[in-house]
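Protein chains: 2
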Amino acid sequence: MTTTSPPIDFGTRTHSARKANVAGLDALFEPRSIAVLGASSDPTKIGGRPVHFAKESGFTGAVYPVNPKADTIQGLPAFPDIESIPGEVDLALIALPNSAVTDAVHACGRKGVKVVTIFSAGFAEMDENGDAQQQKLVDIARGYGMRLLGPNCIGSMNRRTGAVGTFAASSGVPFTQKPLATVALASQSGAIASEWVVAGTQQGLQFDPWLSTGNEADIQLADVLAHMAMDPSVEIIAAYLEGCRDGDRLREALELAQEAGKPVVVLKVGRSEVGATAVASHTASLVGADEVFDALFQQYGAIRVDSMAEMFDVCYALAIGKLPEGDRLGILTGSGGVGILAADEAGESGLEVPPTSPSLQRDLKAIWPPAGVGNPVDLTAQLMNDPKLLPSFIDACLADGGFDQLVLGVIYMGFLEPWSDLLVNGLTSARAAHPDAPIVVTASTRPEVRRAIEEMSIPVFADISNAVKVMGRINDYARRRREFEDRRASDATATDSTAVLPGLPETMTEVTAKAFISAAGIDVVPEAVVTSAAEAAQAQAGLDAPVVLKIVSPDIAHKTEAGGVVLGVATPEEAAAAYDQIVASARAYDGGARIEGVLISPMVTDGVETIIGVSNDPTFGPVVVFGLGGVFVEVLKDVTYRLAPFGLETAKFMIGEIRGSAMLAGARGAEPSDVEALARALVALSRLADAHRDRLDSIDVNPFIVRPVGQGALALDALVTTR
Amino acid sequence: MTTTSPPIDFGTRTHSARKANVAGLDALFEPRSIAVLGASSDPTKIGGRPVHFAKESGFTGAVYPVNPKADTIQGLPAFPDIESIPGEVDLALIALPNSAVTDAVHACGRKGVKVVTIFSAGFAEMDENGDAQQQKLVDIARGYGMRLLGPNCIGSMNRRTGAVGTFAASSGVPFTQKPLATVALASQSGAIASEWVVAGTQQGLQFDPWLSTGNEADIQLADVLAHMAMDPSVEIIAAYLEGCRDGDRLREALELAQEAGKPVVVLKVGRSEVGATAVASHTASLVGADEVFDALFQQYGAIRVDSMAEMFDVCYALAIGKLPEGDRLGILTGSGGVGILAADEAGESGLEVPPTSPSLQRDLKAIWPPAGVGNPVDLTAQLMNDPKLLPSFIDACLADGGFDQLVLGVIYMGFLEPWSDLLVNGLTSARAAHPDAPIVVTASTRPEVRRAIEEMSIPVFADISNAVKVMGRINDYARRRREFEDRRASDATATDSTAVLPGLPETMTEVTAKAFISAAGIDVVPEAVVTSAAEAAQAQAGLDAPVVLKIVSPDIAHKTEAGGVVLGVATPEEAAAAYDQIVASARAYDGGARIEGVLISPMVTDGVETIIGVSNDPTFGPVVVFGLGGVFVEVLKDVTYRLAPFGLETAKFMIGEIRGSAMLAGARGAEPSDVEALARALVALSRLADAHRDRLDSIDVNPFIVRPVGQGALALDALVTTR
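Quick mapping for you: the protein sequence lines, in order, are chains A and B.
Letter 118 of the first sequence, counting from 1, is numbered 118 in the UniProt record's numbering, and no numbers are missing.
Letter 465 of the second sequence, counting from 1, is numbered 465 in the UniProt record's numbering, and no numbers are missing.
There may be inaccurate statements among the hints.
Identical chains blur together in the list; that is why a pair holds if it fits in one copy or across any two.
Unchecked claim - Here are the simulated DSSO-like cross-link-like pairs (lysine-lysine), alpha carbons at most 30 angstroms apart as the crow flies: (1) K178 / K365; (2) K111 / K388; (3) K45 / K365; (4) K262 / K178; (5) K55 / K388; (6) K111 / K55; (7) K365 / K388; (8) K652 / K55; (9) K136 / K322.
By construction, these hints were calculated from the structure, which means they are not laboratory data.
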């Protein structure tokens with residue numbers, strides 16, 4: 001990844017813009033012909049491997065080795081240059097020294113190539129000269145209407161069509177058996193893509209098609225994701241991500257995948273401080289704050305995983321299994337301990353483990369009296385003796401209607417004869433009765449037993465805790481997928497609203513900042529600006545409560561530091577004194593500061609202190625933040641983010657996902673808070689931030705007091721900064 | 001597991017008690033002879049399998065089938081009853097119908113059998129009659145000085161000696177290759193033990209010896225752990241635990257393992273609410289609160305894991321690898337992305353990822369200039385081209401002295417030729433130069449490559465995130481092991497102290513409770529008890545601060561509820577009025593309550609509010625709890641536990657492990673708190689609780705205010721209840 005700016009603007013979210021970014025990408029995965037510039041007769045060399053792999057991949061299009069020094073390359077006729085090739089060339093691979101690349105890209109353009117993939121290194125990843133040279137390549141390609149993958153990349157591969165666009169040795173690793181689980185892969189790291197392709201073959205998971213974006217001079221990961229979202233041959237998308245230069249493009253791609261109903265499983269690295277530093281030094285570019293990526297993935301229904309192993313497990317289960325319609329998990333095992341392990345994990349993975357219904361308990365007891373008929377259901381070791389027990393129990397559990405999904409813990413039945421036959425037969429009969437039920441099996445298995453179970457659309461895991469964890473991730477995804485249309489409609493109200501939003505004030509004081517957010521629909525505490533001690537006394541008398549006085553100055557951002565705040569002023573006399581004290585302190589703090597007066601407002605104490613705000617992320621634009629005040633933000637960093645704008649559904653989800661959300665539900669004997677009002681304020685803030693995305697820098701509403709249900713929520717202070 | 005009480009008391013922690021509980025257990029794992037009562041000629045039947053397995057296990061002792069209906073069983077001479085056997089019998093296995101078991105146990109006793117294992121079911125796990133019958137078996141066995149495993153258990157197995165004490169089919173599963181990693185296993189579930197033995201063979205991990213304790217009528221899991229701790233042939237112990245009836249025995253066993261320097265890896269189920277309910281219904285017995293188990297494992301250096309997969313990974317890494325001497329992790333990869341994945345996980349696993357030193361950076365650059373020389377170190381794809389690169393980089397990193405352990409991410413080098421040779425050769429040369437360095441490799445591998453690396457004491461994982469997570473668990477263990485002697489010496493001071501502890505007061509009021517803890521060395525706020533409004537006014541005048549007044553009555557535990565508390569009393573007149581108000585409220589609340597006066601003490605506001613206390617766990621005795629006050633305890637449940645008594649080291653560890661510990665370090669601009677004083681109070685509380693373990697029910701010191709460094713910490717309120 002580099003700092004080179006993208007060649008195609010994507011400012012407006014229009015269908016044509018979508019098309020522009022994915023234009024030509026089908027030539028990467030479904031080219032009719034491939035030219036290899038720098039083709040080698042040695043099948044182990046970078047220029048030789050694509051030719052070698054293409055001969056073995058089943059590719060039915062033409063492969064044209066280009067090498068002025070050879071007549072034939074690996075048995076194929078070679079051409080001295082790309083323009084000598086008689087037919088059309090969809091995809092050209094450049095395996096040439098750095099110095100020869102510019103001419104080669106020109107030649108490809110003249111030939112009418114659709115996509116050129118540049119393996120060669122020494123561009124933006126090297127130094128400024130390389131960066132300039134790379135930008136020139138992009139300009140050349142754009143001049144010909146040609147797309148460019150890389151440079152400094154390992155290319156692309158499609159086993160389905162046999163289209164080889166890579167020199168990665170991993171492309172030569174065969175599957176011993178046709179994989180059942182196929183997942184498209186877009187990666188910003190070539191090494192990661194290669195490793196996953198190889199490691200996938202070990203676990204029955206085929207990443208296909210796959211691609212690595214290298215320096216992303218033209219084609220970005222987001223473009224590839226968008227292409228895959230629209231490609232009907234792709235059902236599930238895996239992405240490895242280090243950073244992103246164009247947040248709108250990524251957002252758009254995830255939206256497309258969501259519309260298409262395709263799960264996107266993302267491994268985004270750099271979640272820790274050390275990791276983020278390593279990303280920065282690795283990519284040498286601005287990559288966006290990790291929390292904002294989290295918000296993005298939440299908002300657009302992507303499944304974020306934290307490791308390769310989790311990526312594989314989630315992709316495998318998505319590809320093999322069925323999506324659940326609800327959260328309720330039934331646990332069936334032949335061992336009490338295994339059932340408890342599943343229940344322990346379910347609690348942490350967002351799955352519900354409801355008790356079995358009385359009628360189900362009767363049904364199960366009728367089948368096998370010694371069974372444990374709570375949930376987890378314990379079939380006891382009889383599971384291994386009675387061939388009818390497993391299908392009968394599965395059938396009873398699913399027919400009862402109390403569970404949306406089942407996990408079976410059958411310990412070593414899948415490994416040892418004669419029990420493995422019993423297991424496969426039992427599952428076959430259960431599956432025939434319930435063809436669409438989401439079922440996951442956990443067992444030690446022999447490969448052929450595993451395969452037989454997988455062919456029934458039943459994923460098999462060795463470890464039940466891991467299986468339930470993965471089911472939890474997929475359950476979260478399925479829930480968000482069910483809620484997608486509602487959430488989208490709700491978010492659309494934020495975008496479509498015709499309510500007039502206020503313009504940015506010229507100068508920013510607490511008074512103008514409050515007026516700004518108030519005009520956007522966020523309640524603020526009643527207040528008056530006074531310009532003398534006498535006015536202060538009078539204002540205090542008009543308010544039936546202790547008041548707070550605060551300095552108003554466009555030059556003083558940190559009012560407390562300047563001695564510009566006095567709390568708990570109970571009488572008119574105290575108010576007059578506080579006025580004088582504040583003005584004196586502020587003058588002492590900054591003699592040149594413009595003082596516009598003193599703000600006087602009632603103290604508000606009956607409510608939960610929260611913080612709402614906006615920061616304008618350089619990659620993703622305005623991001624709304626929400627957290628509880630006090631120790632929650634300052635000690636526990638208990639905050640959550642969403643990209644602006646969004647609707648009420650999203651706002652309510654935000655409110656529910658902080659760790660301290662119990663505070664708003666009425667913890668410690670307090671009344672429940674007016675979370676509806678809080679949610680409306682978050683939506684209003686998101687609209688305001690979106691409207692001013694060009695000039696706004698940040699909004700900080702702190703504290704924002706959420707009062708008991710029905711009494712609303714209001715800002716006690718606000719700070720707005722602009723660029 | 002059952003509710004039957006254990007046959008041997010273990011109240012006093014003496015060497016003889018230790019011996020009593022492990023007496024005879026060597027006959028389970030190293031018997032000279034085995035008799036099978038109910039032996040069958042059918043090798044697939046429960047009575048046939050032990051005979052069948054013993055013939056194939058390499059057991060060199062005698063095997064005596066006992067069956068009155070046969071002359072020979074599976075080619076061995078059979079005996080009509082155990083007493084007809086000519087030689088001595090160390091281990092007898094009972095595979096008879098429930099009704100025949102009592103007579104058989106008698107016969108075994110008369111024969112002088114050392115341990116009798118009862119496979120038969122239908123005892124305490126069934127009903128009250130079964131429980132009574134089981135207790136009779138224990139009495140019979142004890143009368144003969146014979147130990148008893150089970151009933152309702154699958155027995156024991158020792159592949160090393162060939163001693164077969166089980167009918168588990170898993171015992172017949174062969175290893176295709178002699179395993180490098182061998183771990184002893186004690187399990188409370190037969191199904192779990194069988195599954196792990198089978199699943200282990202799939203992952204190169206041999207659980208041996210292993211045993212399942214069934215109903216635990218006599219031999220408990222703790223006894224087996226203690227035996228394994230003392231058995232020189234055992235190096236690592238794995239335990240599967242659902243609950244515990246005798247906390248002292250388990251504590252003692254873990255202590256023995258710690259003294260012996262043997263890691264104990266524990267999977268304790270029931271950590272979630274649903275899981276705990278399932279445990280309770282599965283074991284039908286009191287099993288101890290999960291948090292207390294957590295405290296126990298922390299305190300005695302056991303490694304708690306949450307899944308079978310984690311159990312296998314931790315055991316494997318312990319068995320294959322080397323223990324680190326410190327927390328500093330060096331990350332070496334051939335892919336930037338893989339390095340970042342490792343760094344991300346290290347941050348969450350308690351491993352430090354220090355930057356490389358300038359001299360190391362120079363050294364690495366000298367070897368391969370394009371390398372990324374921060375930590376993670378990125379060798380780039382050159383890793384796969386230059387055979388000397390990997391050993392040179394490993395050598396430089398270890399010679400530098402800045403890292404205590406290394407993780408290598410070599411992606412698919414271990415899978416594809418010719419790179420796998422390069423990898424093995426590179427590691428061989430690095431290992432020769434650094435024979436004791438803790439190194440972990442992450443790679444896709446072929447089995448023979450993996451084996452070659454493991455033989456260098458280098459564990460191999462497929463996933464780098466998982467590898468680092470496991471390294472983190474082992475690092476925690478290694479740290480606690482290094483600190484063990486210090487911590488033990490510190491804890492011993494709590495036990496050995498000769499300071500006189502106060503007796504339990506006769507009646508419990510706030511006044512006597514505070515006096516009780518004060519006498520134990522915990523500071524309490526200065527206070528006076530007044531018995532009239534006039535005295536209250538006088539007392540207020542003598543204190544230079546606002547005061548709090550609280551009712552003193554042995555009959556009123558919840559003072560606030562009774563209107564018995566008034567805060568912030570600033571003048572003598574207010575104090576007099578508050579006195580009258582409190583007494584009137586208390587009388588209205590409970591007309592029969594004995595009122596001993598009103599407590600008056602200064603308000604203390606400068607400090608961090610904490611809660612310290614004791615609850616007397618039915619299984620493990622007094623447990624000290626610590627948490628921060630307010631939302632930390634009430635909303636976030638941010639508390640930690642330790643078994644009493646303990647010393648300062650343990651107390652400080654407790655203080656550091658709560659999530660909100662930053663509050664005590666001086667968060668939000670506050671001064672750092674006097675954590676030394678807090679730690680001393682926790683130690684004092686633990687000693688007090690230990691001294692009164694027989695009659696104490698609970699102590700609740702809330703709030704306990706920790707003031708700034710040097711100013712101590714003091715109790716503002718205390719509640720003590722007795723049994």
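Taking 30 angstroms as the upper bound on the Cα-Cα distance, should K45 and K365 be classified as within, between, both, or neither? between (67 angstroms within a copy, 26 angstroms between copies)
Using 30 angstroms as the alpha carbon limit, work out where K365 and K388 are close: within a copy, between copies, both or neither. within (14 angstroms within a copy, 67 angstroms between copies)
Reference check for the pair K652 and K55, CA-CA at most 30 angstroms: within, between, both, or neither? Neither way: K652 and K55 sit 55 angstroms apart in one copy and 67 angstroms across, limit 30 angstroms.
30 angstroms Cα threshold - placement of K178 relative to K262: Within one copy only: 23 angstroms inside, 46 angstroms across.
Check K111 against K388 for me: Cα-Cα at most 30 angstroms, and say if that holds within a copy, between copies, both or neither. neither (67 angstroms within a copy, 44 angstroms between copies)
Using 30 angstroms as the alpha carbon limit, work out where K136 and K322 are close: within a copy, between copies, both or neither. neither (48 angstroms within a copy, 52 angstroms between copies)
With identical chains, the pair K111 and K55 could be close in the same copy or across copies; at 30 angstroms between alpha carbons, which is it: within, between, both, or neither? Intra 24 angstroms, inter 77 angstroms, cutoff 30 angstroms: intra-copy only.
Indicate which option fits the pair K178, K365 if close means a Cα-Cα distance not exceeding 30 angstroms: within, between, both or neither. Neither: 42 angstroms inside a copy, 44 angstroms across copies.
Within, between, both or neither: K55, K388 at alpha-carbon 30 angstroms: neither (51 angstroms within a copy, 34 angstroms between copies)
Checked against the numbered hints above, the structure violates hints 1, 2, 5, 8, 9; every other hint is satisfied.
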